[in-house]
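Asks: What follows is each chain in one-letter form.
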Amino acid sequence: MTQLVPIKMITIIALDSLQNRLILDLKNCGISGYTISEVEGEGLYEQHFTDWEGRNIRIETLVSAEEKVVGIMEMLNQNYFEKYGVIAFVTTIEVLRKDHFD
Amino acid sequence: MTQLVPIKMITIIALDSLQNRLILDLKNCGISGYTISEVEGEGLYEQHFTDWEGRNIRIETLVSAEEKVVGIMEMLNQNYFEKYGVIAFVTTIEVLRKDHFD
Amino acid sequence: MTQLVPIKMITIIALDSLQNRLILDLKNCGISGYTISEVEGEGLYEQHFTDWEGRNIRIETLVSAEEKVVGIMEMLNQNYFEKYGVIAFVTTIEVLRKDHFD
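Protein chains in written order, with the working numbering: chain A, 1 to 102; chain B, 1001 to 1102; chain C, 2001 to 2102.
With the rest of the complex left out, here is chain A (with noise of 0.2 Å):
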């Protein structure tokens, strides 16, 4: 019988330049996966409108364990909200049992 069972996603809008080390801070955190799509965009830093320079990019990345998702949201907190702008959320999905994403 098919059975769902709920993860999480962290989703991470960010400026395209963030790309390297976010992944590279990401994998640091245990991550086993990522997709990565370009996005344009007003308002990520300081929420507020501004002119984005560059390409920005959304980073998505699926995480079962719960404290996996916490030390990667205070990760980006220590390291990116502030200082870059950077806006990251966490949605919860459903998966079949069957599949493992740490």
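Bear in mind the hints are in silico, worked out from the structure with no lab data behind them.
Built from N, CA and C at the ideal position, the CB exists for glycine as well.
Be aware that a few hints might be false.
Said to hold, decoys possible - In silico DSS-like links for lysine-lysine, alpha-carbon gap of 30 Å or less:
#, chain 1, residue 1, chain 2, residue 2
1, A, K68, C, K2083
2, B, K1027, C, K2027
3, C, K2083, B, K1083
Stated by the list, open to error - Computed list of chain B residues with no C-beta within reach of chain A, every gap over 12 Å:
#, residue
4, D1025
5, M1075
6, E1082
Following the hints, position chains B and C against chain A.
Replies: Below, chains B and C without anything else, positioned relative to chain A:
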């Protein structure tokens, strides 16, 4: 201690020709930021499979005030849903308490 | 009065070479629309870091009938997960009651 609090993300799928008008209407509803990415697809208009002309866009904006979410969905309903086949949906996400998206 | 009702969004991450086949299988499961966007990443196949060949895609489709969600996840599980390292997950979203996605 890291504490996550729920807010809302509104996602809008629309023909890219509507971009400027949608962004203006969203700003008038009080949003403080958004991202845009390009998508392709079928089934936008009338929720049936049709050929799309032009590029399509996905707009995402984070909103913490519940009444603002309702205001944006009502604005989209009145001005875009039936006339332009725009699709919009709301996702509950979690951010660090320190963030403010209104 | 604006009333939001929960439905499901299924997100699929796959090699872009699977696009036509995935869309066909999803249509056979009864979806009425979808969007596709390009993504890059690591960790798709076997959930380990590997080099991806070619472009990768993210397919998203909105489904309101619970049994259709299960049917799609079972189809993906049987035909794609182990063989092709495809990732899929389900997100609960909210739409206006007036919308119909089946």
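Asks: What hints, given by number in increasing order, does this structure fail?
Replies: 2 and 3
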